[in-house]
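Number of protein chains: 2
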Amino acid sequence: MATALGITHSSDTARETERELSKFSQTLQTITTMPSSANNPCLAAEEPLDLENNGQAEAEARMAQYWVLNPPKPPGPWRDLVNSIRKTCFSTVNKFQSLKNQPFSATISLLETIFPVFLWCRNYTVMKFKSDLLAGLTLASLCIPQSIGYATLAKLDPQYGLYTSVVPPLIYALMGTSRELAIGPVAVISLLLSSMIQKLEDPEANPVVYSRLALTVTFFAGIFQAAFGLLRLGFLVDFLSHAVIVGFMAGAAIVIGLQQFKGLLGLTHFTNKTDIISVSKVIWRSVHHPWNPFNFIICCSFLTFILITRFLGKRNKKLFWLPAIAPLISVVLSTLIVYLTRADKNGVKILKHIKGGLNQISIHDLYFDSPQASEVAKIGLIVAVVALTEAIAVGQSFATMKGYHLDGNKEMLSMGVMNIVGSLTSCYVATGSFSRTAVNFGAGCETAMSNIVMAITVMLSLELFTRLLYYTPVAILASIILSALPALIDLNEAYNIWKVDKLDFLACIGAFFGVLFASVEIGLLVAVIISFAKIILNAIQPGIEALGRFPGTDVFCDVHQYPMAIKAPGILTIRIKSSLLCFANANFVKERILNRVGEKEDEETKGDAGGRTKLVILDMSNLMNIDTSGIASLEELQKKLMLHGTELAMANPRWQVVHKLRLANFVNKNGGRIFLTVGEAMDGCL
Amino acid sequence: MATALGITHSSDTARETERELSKFSQTLQTITTMPSSANNPCLAAEEPLDLENNGQAEAEARMAQYWVLNPPKPPGPWRDLVNSIRKTCFSTVNKFQSLKNQPFSATISLLETIFPVFLWCRNYTVMKFKSDLLAGLTLASLCIPQSIGYATLAKLDPQYGLYTSVVPPLIYALMGTSRELAIGPVAVISLLLSSMIQKLEDPEANPVVYSRLALTVTFFAGIFQAAFGLLRLGFLVDFLSHAVIVGFMAGAAIVIGLQQFKGLLGLTHFTNKTDIISVSKVIWRSVHHPWNPFNFIICCSFLTFILITRFLGKRNKKLFWLPAIAPLISVVLSTLIVYLTRADKNGVKILKHIKGGLNQISIHDLYFDSPQASEVAKIGLIVAVVALTEAIAVGQSFATMKGYHLDGNKEMLSMGVMNIVGSLTSCYVATGSFSRTAVNFGAGCETAMSNIVMAITVMLSLELFTRLLYYTPVAILASIILSALPALIDLNEAYNIWKVDKLDFLACIGAFFGVLFASVEIGLLVAVIISFAKIILNAIQPGIEALGRFPGTDVFCDVHQYPMAIKAPGILTIRIKSSLLCFANANFVKERILNRVGEKEDEETKGDAGGRTKLVILDMSNLMNIDTSGIASLEELQKKLMLHGTELAMANPRWQVVHKLRLANFVNKNGGRIFLTVGEAMDGCL
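Chains as they are written, first to last, in UniProt numbering: chain X, 1 to 686; chain Z, 1 to 686.
Take these hints with a grain of salt, some might be off.
EDC-like mimics (lysine to aspartate or glutamate), calculated; alpha carbons at most 20 Å apart, straight line [stated by the list, open to error]:
hint, chain 1, residue 1, chain 2, residue 2
1, X, K73, Z, E545
2, Z, K355, Z, D157
3, Z, K640, X, D407
4, Z, K502, X, D80
5, Z, K499, X, D80
6, Z, K73, X, D80
7, X, K402, Z, E635
8, Z, K402, X, E636
9, X, K314, X, E201
10, X, K499, Z, D344
11, Z, K73, X, E545
12, X, K639, Z, D407
13, X, K567, X, E599
Residues from chain Z shown here face chain X by an in silico Cβ test under 8 Å; the list is partial [said to hold, decoys possible]:
hint, residue
14, A393
15, S461
16, K660
One side of the interface only, derived from the structure: several residues of chain Z facing chain X at Cβ under 8 Å [to be verified]:
hint, residue
17, A243
18, V332
19, T335
20, D558
21, N625
Treat the hints as calculated values from the structure; they're not laboratory data. Idealized CB from N, CA, C, for every residue including glycine.
Produce the entire structure from the sequences given, and follow the hints as far as they go.
Spelled out as structure tokens, the structure:
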């Protein structure tokens, strides 16, 4: 997602490095020649080293010592930020700096960057088109019924679903970088839209306002997506972690399934809430009223038909098209049946008139001056993030399968543009559908051309066949949606998450139950909060671990992880378990180290015969950063150790840490003994 | 603060270690004897090692290899938690397990644990008492006027201040572990109380209810503090970092100063708000009305007097008592002057009648059934935390000066008890005062006896002298409070924070301006939020750094920190800059590594002649933890590197990390090459 964010300050540090190295070569001479007690106070730590063999070894040791304490100034937070931003924003610009003098090729490559279609259409062959055509048609046959179904799920008129399968795919085909992604309406987004918008407006009461709101939300979603792409904010999508998505999808699937009971039982009144409790109440109530079974029969029979075809498709790869066109077949069949038996007279709900013709221009339908504008924008943001997360997750998995790279930021830009244009041509939020993308891949599509084929097919059907859908029973849509749900519930993955990381699983479960019992957006919120709480807990955990020398090496490692590691008697080598010694854990860590030093008996049980510890070595190699509280507690630690007659030495502090220690002149004030490695610290102090 | 939280699972891992070691000694034989392509799939990585010299070296190398991949199972989060809690709660209990059979000594040592007074009163000498007496009297002479002043700051009647200097110090003397801490009312807490309680009740309108609320808050604060102590939640105090306290104190000082204009100008009406804007408005308005100058003159003249004495005290250590008794002197003088000149007739505000006699029992004044109970409890919590933070900060700094240890949890317990008992004897929240503790220390106190002396002195003055304070001008209290403020503003420290850590300074400034322009509690809230945002930023920063071999050593370090570090051609050694590879940064890190591998030219500028990178070594030594998203992106990274014809190896993964990688069978599935050190990885892979 962050392709354009290269290594920060790469070029200027190159220059700096040269400067440093020249400086270094001078200092090295001075060091090797100068007496051991140099003006640098910390070279005092070198005293114990015997000065007889004033050879290469010692020179190097002292050089190390010197450079541990006098590294080049690390880049400050601001500079890091600025560099990062510059890298991010101007990476594309820089690319064209070189081509400035030949404007033609510059424009070409600019066009190619914005419209990847120019890249692949060059060497596009008839063979490729054949497979794309096949894939496109298969896709269309699955897409038409699904679109209608999802539109009803989004509480919009059926034609909006079809509209959404026309314009967005065409635009994505021009701008997108994925070859397999099948664009159009999807179940989760449709649910998300209806569940959030109907808090502002009742779709039954005044559908016109509702649909206008939906279009406005789509517009905002597009704006946000495009903005993410342009500002390279791809990483925002990462904040919905994989675990969260698994839980969220599962919850959403169940909620969607419950929504289908409306069509299934042919109910006229249904709740606007999406949580399982209120929905089940409604269903329970309606089941106990007399209800007509025909809808139910139609739905179940065709659902079984679709599932059987899918099973066959799985068994025999040659029949991949069968599950794909099964929905279309069932729509046609059910429509015929209803038409012939006139079952609508006996209470079978039918679609009735679907508005034919192509997408209308809907610029004037967008609300901006409404009082709910801010509310609508908020919904737009949520929808945008969720849509992107799903699309990029799907796109990337297939890209990795085929072994090419997906540019997250370009993807976002193209999705944004397609939704903006979509909202102006009466489409609601479109994104990459998981089920259809799989079909597209299975049908062996080569390029985004399959999307174009699909779009054109849908367009034709909008022109010609909509009035044929008059008698299509609503129940069939329910069965089509239901057949798409099992793919959303991934128990296996959930089990893996549980196995590997309990806290991740907690986030997953949080999302699941949040969606199930509260609402879709609350589910997401809960999950995100859990995820970040996890990060904080991990960052400030105040653990310490005793290190020992791995036998036969110069490596010091955790004595619990490597039980054969040998502790030096009288020396306590400690590594802090977190990457940040800050206000929240510094005191804790200090106390624990002091406890360790105190607990003689405990030491002995660990087979450390040395009794009293004379030296504590703090391995700071995994301490990324430290704050003023951290430094303060280090100072206090040193004071208290001194009272206890124990020395404190430090090994391998990182760039930021040593820099801050020097600024707070911890180094000079306390003569802090700082070395490159734990081994050197032992040699240096004893 | 966390003394009792020793190393988790120390004892049982000791046992485990033995088990492991025995297991290990067996496995070691099997390894050294078995062929290199063992059933352990990852030993495949060993192939390149030449099998001729099947000696010690290789045995060790393979042993390392084996143990990297097969460490003992790390303690799960639950077990860690349980251990930690057990350690925490039963540490004191365990202490008495040993003494179970001799009940007498058990009770003794229990008493000594709860009441440290028994420890120090044993070897208490007349000499010690002399110095304590002197210190106590000095303390009292400073404490009496300050108490009255702070009571007015807390919008309570003057006697409450005096009450608060009687009971709490006596209890603390019995239970507290600090020898210098001077207990009583303090400025910041008084301000905090008034600023928050007067949102519930107007102190002018019905002072009785207000003071009852104040007592209830005190009670709750005591409960919370005691609970913190008993549950060993000392670390909660750390969440107000040093930087935050600096900013908060400075802001509070200014706010308190502004509050003094009421007494300074002898205003009758004043705002209940504490933020600088509304207060300055009131002052501005009142300055433009005719106001009488006498109050102002009295205040300023005595303020200058106090400051001069303080200056003298600083100059000449022998005169330490002068600044201490200056407030008392000025109270006496000003009272005399007003009495003789009858200045109260000309608009000089005076204290009038102060209710004499000792503390009344105030059990029946506590509200529990009031509708505001929850609100009051909330205030209690905030006050409790702030009070503890100040007291422990002050206490610990002096303890470290004298070189003894302060038990944070005991401190909390004793503060809690003293405030609970205080609230039942009409005292409001007491804590350790910075200024008075310094005086106490300067006066050479030996033990907490000085607190007892002070309390008795105040008690006597309550009995005898309160009616002498009838003519004491209110302005003098303002001058006493004002004279105490400069100690709260520590510009020097603020500068140090700025110098060392910009983000810490941000938190500091946040607290400062929050207190100044919004309100005291909002200031704290802002600061805490900033602090935790800082932690998150630090934890998920997606930086990577290229490593090189430090010349003449086997140490690999950041090439920017150590410019002389040498990169091996064709090998890219990367270390991740955060301790957590999680959903929030994993993707980012992956992309950056891929960029690095991609950027050939960039490599060359860094003097890496090797051109194409054949091997990427991920130094995982500072990766504390990884989640499912992290593992997923590692897998993706490996896939993409393979496409690019580059190998991925890992060095020194931590316990949790390698455990999770195995659970997610990343190791087996991708034959991930994992080694103990970067050096071994290089040898192993090339």
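Results for each hint:
1. X:K73 with Z:E545: 15 Å, holds
2. Z:K355 with Z:D157: 9 Å, holds
3. Z:K640 with X:D407: 14 Å, holds
4. Z:K502 with X:D80: 13 Å, holds
5. Z:K499 with X:D80: Judged against 20 Å, a Cα distance of about 17 Å means the pair holds.
6. Z:K73 with X:D80: The given pair, whose Cα atoms are some 39 Å apart, is violated under the 20 Å limit.
7. X:K402 with Z:E635: At roughly 15 Å apart (the allowed maximum being 20 Å), E635 of chain Z and K402 of chain X satisfy the hint.
8. Z:K402 with X:E636: 13 Å, holds
9. X:K314 with X:E201: Violated: K314 of chain X and E201 of chain X sit about 43 Å apart, past 20 Å.
10. X:K499 with Z:D344: 79 Å, violated
11. Z:K73 with X:E545: Holds: K73 of chain Z and E545 of chain X sit about 15 Å apart, inside 20 Å.
12. X:K639 with Z:D407: Between K639 of chain X and D407 of chain Z the Cα gap is close to 17 Å, so the pair holds against 20 Å.
13. X:K567 with X:E599: 16 Å, holds
14. A393: 10 Å, violated
15. S461: 39 Å, violated
16. K660: Holds - the Cβ of K660 of chain Z comes within 8 Å of chain X, reaching about 5 Å at its closest.
17. A243: 6 Å, holds
18. V332: This hint is violated: V332 of chain Z lies away from chain X, its Cβ roughly 41 Å from the closest one there, beyond 8 Å.
19. T335: It is violated, given that the least Cβ distance between T335 of chain Z and chain X is near 44 Å, above 8 Å.
20. D558: 6 Å, holds
21. N625: 5 Å, holds
Hint compliance for this structure: hints 6, 9, 10, 14, 15, 18 and 19 are broken, all remaining hints hold.
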